[in-house]
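Colleague: Quick one: dock chain against chain with the hints and give me the complex.
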Amino acid sequence: MRLVTFILKRALHSIFVLLGLSVVIFGISRILPGDPARMAVGARAPQWVVDNLRAQMRLDEPLFVQYGYWLADAVQGKFGISLVTRREVAEDIKEFFPATLELALFAGILMGGLGILLGTISAQHKDRWIDNVVRVLSYLGVVTPAFVFAIIFMLVFGYWLKWLPTIGRLSEGLARPPMITGLMTVDALLAGDLVVFWDALKHLILPAVALAMGGLAQEARITRATMSDNLTKDYIAAERALGIPERVIMGKYLLKPSLIPTVSILGLDFAGTLSSAFLVELIFNWPGMSRYGINAMLRKDLNAIAAVILVLGVVFIVVNIIVDIVVAYLDPRIRLSAERSE
Amino acid sequence: MTDVTGSWASGLPGEAGRVALVDWRELQRRSRRENIGRAWYKFSRNPLSVAGLVIVLTIVLLAVLAPYVTPYPHHAGPFTDFANAKLPPNPRYLFGTDTIGRDILTRVIFGFQDALLMGVIVLALVVPPGVLLGLIAGYNQGTWIDTVIMRITDIFLAVPPLILALAIASVLKPSLMNSMMAVSLMWWPWYTRLVYGLTSQLRNEYFVKSAETLGASKAHILFREILPNCVSPIFTKMSLDMGWVILIGSALSFVGLGVQPPKPGLGTMVADGARYLPDQWWIPVFPALGIVVIVLGFNLLGDGLRDLLAAEEI
Numbered sequence: 002m003r004l005v006t007f008i009l010k011r012a013l014h015s016i017f018v019l020l021g022l023s024v025v026i027f028g029i030s031r032i033l034p035g036d037p038a039r040m041a042v043g044a045r046a047p048q049w050v051v052d053n054l055r056a057q058m059r060l061d062e063p064l065f066v067q068y069g070y071w072l073a074d075a076v077q078g079k080f081g082i083s084l085v086t087r088r089e090v091a092e093d094i095k096e097f098f099p100a101t102l103e104l105a106l107f108a109g110i111l112m113g114g115l116g117i118l119l120g121t122i123s124a125q126h127k128d129r130w131i132d133n134v135v136r137v138l139s140y141l142g143v144v145t146p147a148f149v150f151a152i153i154f155m156l157v158f159g160y161w162l163k164w165l166p167t168i169g170r171l172s173e174g175l176a177r178p179p180m181i182t183g184l185m186t187v188d189a190l191l192a193g194d195l196v197v198f199w200d201a202l203k204h205l206i207l208p209a210v211a212l213a214m215g216g217l218a219q220e221a222r223i224t225r226a227t228m229s230d231n232l233t234k235d236y237i238a239a240e241r242a243l244g245i246p247e248r249v250i251m252g253k254y255l256l257k258p259s260l261i262p263t264v265s266i267l268g269l270d271f272a273g274t275l276s277s278a279f280l281v282e283l284i285f286n287w288p289g290m291s292r293y294g295i296n297a298m299l300r301k302d303l304n305a306i307a308a309v310i311l312v313l314g315v316v317f318i319v320v321n322i323i324v325d326i327v328v329a330y331l332d333p334r335i336r337l338s339a340e341r342s343e
Numbered sequence: 083m084t085d086v087t088g089s090w091a092s093g094l095p096g097e098a099g100r101v102a103l104v105d106w107r108e109l110q111r112r113s114r115r116e117n118i119g120r121a122w123y124k125f126s127r128n129p130l131s132v133a134g135l136v137i138v139l140t141i142v143l144l145a146v147l148a149p150y151v152t153p154y155p156h157h158a159g160p161f162t163d164f165a166n167a168k169l170p171p172n173p174r175y176l177f178g179t180d181t182i183g184r185d186i187l188t189r190v191i192f193g194f195q196d197a198l199l200m201g202v203i204v205l206a207l208v209v210p211p212g213v214l215l216g217l218i219a220g221y222n223q224g225t226w227i228d229t230v231i232m233r234i235t236d237i238f239l240a241v242p243p244l245i246l247a248l249a250i251a252s253v254l255k256p257s258l259m260n261s262m263m264a265v266s267l268m269w270w271p272w273y274t275r276l277v278y279g280l281t282s283q284l285r286n287e288y289f290v291k292s293a294e295t296l297g298a299s300k301a302h303i304l305f306r307e308i309l310p311n312c313v314s315p316i317f318t319k320m321s322l323d324m325g326w327v328i329l330i331g332s333a334l335s336f337v338g339l340g341v342q343p344p345k346p347g348l349g350t351m352v353a354d355g356a357r358y359l360p361d362q363w364w365i366p367v368f369p370a371l372g373i374v375v376i377v378l379g380f381n382l383l384g385d386g387l388r389d390l391l392a393a394e395e396i
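Chains A and B, in that order, are what the protein sequence lines are.
Here the first sequence is numbered in the numbering used here, starting from 2 and rising by one per residue.
Here the second sequence is numbered in the numbering used here, starting from 83 and rising by one per residue.
So here's chain B without its partners, still in its complex pose (with noise of 0.2 Å):
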């Protein structure tokens, strides 16, 4: 809309003109304010959007400041005190303690770390490669190259990613870092077909066919064209598949395939823990509710994501 003032006001003659001119560069600020305060005062009118957002804006702050937030830190790495092992929840503890004495509220928290940082470096890794095929199959439908392309995203989808990455990750030394790795190889079909989809749409909207007959490059094309239009979808994807691959790295990590110990995985923790059912059933407990809370808490953003960004397409 804003572009429309710029070229009118560029239409009038003379200087008359230019001294109607608008400044268009602090309306299109003031209107893209506007946007996100509408946005957000969609976003703020469901609960459960908001407490999503509360729920992980909550994880990442303790998750950054853990060694300052929790109670006993150094209880995150190679520590014992077999003198208060196998405590119950009580309020020294609030979660009680493992078999070697560790505080289990410190572990999960510090679990939490290697949780995001899991869910950042594998949507890092997998989005760029998967939207790039997207974007390149999707503007070829029906050349060889999009043949190519989507049929080896069909093989990678043709079997759940938990279990590729668990075979990979086997092959590979036990690490966090490895495991961030199989998942990667995992993921990126998710993003290429959901971009695949959207482009093969879009490259039959006018904007594009004006911009193809003004002979623009094919890379301008695809990255300012089609790209700022998939953008949404792909935001939106991002927030729910934080919670997902969280969750794919907590299954690694339970097998002991992922975070290795003594640093506490949130998965290793409720593995090592389900040994101990029924009598100290706080060991898995706690951290098994830990990884329930994250994901939730993506899920509900990127479901309040979703419900917005979809909306405001329309």
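The shape of chain A in the complex, shown without the other chains (with noise of 0.2 Å):
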């Protein structure tokens, strides 16, 4: 199969351009003007401490060679501990990490559903009002940033109508479902807890469409505009006259190739919640890995920061990688052509 070679081509890529992000994270780092012992140790410590320190961190080797001993460590999980936490960077990107994927995948799945199904209804109505309003509804959301959203839904969702929480993942005085997947809503459905899920997902709805709504504008307005390109060929008129229902017409032939476009792009946007999720997650409290990281950040705790950003540079490297295997499979041009040059 040469699909095995392409991703496979596309893995190794992958990894250097992880190790290149590993080269500019570890330069970041190294930007700061100021010792890290010192930071580390505080202002008060006396010298000697910040001595050992630096030998500990190798501070004293040449450049390159710390930057050895940092990828070594960093392909083992190995961050350092946090200045924030004061726990290992590992211990808590294990435990807010899932909270953001939580979020991240439920927005994914809106931008994707809703994208589409918005983008199609769009299509088909093409110029009439129904899809005049998603046009301009699209469009507004195109424009406006997530926390804007995130701020909007919270004053009228949670404050105004009272529908849904506005902070954190939980009510209080529930208790949190046994840790399986650290998926709140997965774990309590998987514990049978019905209460508990109900909660987790009511906490998670404002967030969650917060981050999604820019990326199923975009969705929607990929969807439409294929499908309605793809709408006026040839080969739909001759299945109309073939007198192929339109049903089938709509859901077999037209929806395939009019998706390639979208499916990319939405890989593209479902990195972007990751990083709208910096600020969605401050603005709703939500403890994930962005909260985690924006605190980070702020307080200059370099470990935590290197980490939280090559997770999600290897996450939005998994997620374009699978991208390009469904375009692969959804568009028969590369797929047939991958596999005649065998």
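Read the hints as simulated data drawn from the structure, not as lab findings.
These figures come from a predicted structure and were not determined experimentally.
Possibly wrong hints are sitting among the right ones.
[Stated by the list, open to error] Computed list of lysine-lysine pairs in DSSO-like fashion (alpha-carbon distance at most 27 Å, straight line):
#1 A:K79 - A:K257
#2 B:K255 - B:K345
#3 A:K10 - A:K257
#4 B:K345 - A:K301
#5 A:K301 - B:K124
#6 B:K124 - A:K127
[Claimed, not checked] Residues of chain B clear of chain A, computed beta-carbon distances all greater than 12 Å:
#7 L109
#8 N117
#9 V151
#10 D163
#11 K168
#12 N222
#13 R233
#14 S252
#15 V253
#16 L258
#17 N286
#18 S292
#19 V337
#20 V367
#21 N381
We put the beta carbon where it would ideally sit given N, CA and C, even for glycine.
Modeller: This is the structure we're talking about:
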């Protein structure tokens, strides 16, 4: 199978990109003026403590040697101690990452599902009022940053209408379900605890929708554009002439090719969700990795910053590979050319 | 087309030819004027593009004339008036006042200043090197130069720009200048990638090949033959990017890494105001709408330009 080599090639390329990213991150952590060892122990620590720590952190070695040690540790998941939480950074990430992932996954499902649905409706009713409504809304969705949506949703649905909770992942007084996946809703379902599931879901909706709005609008726009373009193609006219039911044409022959650009952009938007999460988690006080990352950045907690960025880089790259595979599956031109050149 | 007229005329023999010669510079000027007129006509047919232009011009004017058009210019600084603090929108303070009694309308308009400044400076820092690298890599496609430049570009594109910009801004001293630097460091690869794609197509065109055959220098080919053909996509992207850069800038100032108080940053105002939800909702909501309007304006304008230039190229 050529597809396997294709994936392997992408993976190799990704490893290269990750290595480059690690150089950039290492660079960032070293452009900081001042002595990292002194910063770690504080201004009042005696000089010998700083010297010991410098030796321990290998700060007296040349930069590329430092980078080698740093990378070797990072590959094993050792990022050192966080200055903020005073714990292993890896521990912190393990605790906070699932919360962000849950948010991003839920937002991703909304973006893909609702975006494609709205785009399809819009394309089928092109230039009618429903199309115009969807187009205006999706334009506003694209230009409005997630944190603005977050504040408006919080105000309207949280405070004025009081439909949904605005802070955290779970109401006070409810026990966390036993951690299996780290995704609160999934864990609650696995534990069979519907009360907790419902409560966790309610907490999830506002931040996830705020995160999803931009991507959702983007997906709707792109699906609409490709689909209305494809609708004018000869093969659709031919299928109609053959008397194939409209439902089958739409669901089977039109949807699949129209999804290719949408899926490519969906991958980018999903990754973008992880970056908007930095602000949205702050607003909703969502105990995720992004909020952790922001706190680390504000306090110049270099170990934690490096770890958060590397983890996001890995997620971003994995998502891109998945997108490439899905697109290769959807697009026979890519799939067949890969098989033919075998 | 006008060039053809020129060479035709000079090809004619003797005085007769020169008498018949039309002033082709004048022709060129006239046709350029006509093109602009036609472009404007097409642009003005789309009400959304015109709306974008109006929004952008209005915001630029407001920002430039902020000290003269705002009702309370001194509220842009460290001013306090606790008697009038936390007032909801009313005829005297259209957008209400913040927690220390400053007019939010005034501060939003002053906030446009730094937002626009951020966009302009970041693009000025980013476009020249990004375009240059794209030209070089695209023209040398397939060589080690291409590989080095484009692989470095890949690395920067591997993580959403906001995250690395946040990280860089966080290790520097928080200020507007440093947040511009941070965003700039993240933004050039988009131009490199755009120009790379265009250049790698253009370098196989006949006009480039013939310039090569004539022995034109590399600099001539890159800047006089290829670059002019990349200008419209670059301008379109710049217009769209103004909005996105401003958005990232507001995100940086939202977490306190951009514009520093007491200067009004739109993002800072949203972040500070979010704490006073839901009772003083106007404190964060109006600056937030300010961000939306500015990004909306540049996007409408950019889309209008894209439609215009894309159609022109065909």
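Colleague: Does each hint fit the structure? Answer for all of them.
Modeller: Here is how each hint holds up against the structure:
Restraint check for A:K79 and A:K257: the C-alpha separation of about 44 Å exceeds 27 Å, so the hint is violated. A threshold of 27 Å between alpha carbons decides the hint, and for B:K255 with B:K345 the separation of about 16 Å falls inside it, so the pair holds. Between A:K10 and A:K257 the alpha-carbon distance is near 26 Å, which keeps this suggested pair within the 27 Å criterion. Of the supplied pair hints, the one linking B:K345 and A:K301 holds, its CA atoms being roughly 24 Å apart against a limit of 27 Å.
In summary, the hint linking A:K301 to B:K124 is not supported, as the alpha carbons are separated by about 52 Å, beyond the 27 Å threshold. For the hint linking B:K124 to A:K127, the alpha-carbon distance of about 23 Å falls within 27 Å, and the restraint holds. For B:L109, the requirement that its beta carbon stay farther than 12 Å from each beta carbon of chain A is met, with the minimum near 39 Å. Distance check for B:N117 against chain A: the nearest CB is about 28 Å away, which clears 12 Å, and the non-interface claim stands.
Even its closest Cβ contact with chain A, about 25 Å, leaves B:V151 beyond 12 Å, as expected for a residue assigned away from the interface. In this structure B:D163 is separated from chain A by more than 12 Å, as the shortest Cβ-Cβ distance comes to about 25 Å. For B:K168, the condition that its CB be more than 12 Å from all CB atoms of chain A holds, with the nearest at approximately 16 Å. The Cβ of B:N222 sits about 20 Å from the closest Cβ of chain A, beyond the 12 Å cut-off, so the non-interface label holds.
Not every CB of chain A lies more than 12 Å from the CB of B:R233, the least distance being 7 Å, so the non-interface label is violated. Distance check for B:S252 against chain A: the nearest CB is about 3 Å away, which does not clear 12 Å, and the non-interface claim fails. For B:V253, the requirement that its beta carbon stay farther than 12 Å from each beta carbon of chain A is not met, with the minimum near 5 Å. With a minimum CB-CB distance of about 17 Å to chain A, B:L258 clears the 12 Å threshold, and the non-interface call stands.
Distance to chain A confirms B:N286 as a non-interface residue, since its nearest Cβ pair spans about 21 Å, more than 12 Å. For B:S292, the requirement that its beta carbon stay farther than 12 Å from each beta carbon of chain A is met, with the minimum near 33 Å. For B:V337, the non-interface assignment is contradicted: its Cβ lies about 6 Å from the closest Cβ of chain A, within the 12 Å cut-off. The Cβ of B:V367 sits about 7 Å from the closest Cβ of chain A, inside the 12 Å cut-off, so the non-interface label is violated.
Against the 12 Å criterion, B:N381 falls within the reach of chain A, whose nearest CB is about 5 Å from its own CB.
Going through the hint list in order, the structure does not satisfy hints 1, 5, 13, 14, 15, 19, 20 and 21.
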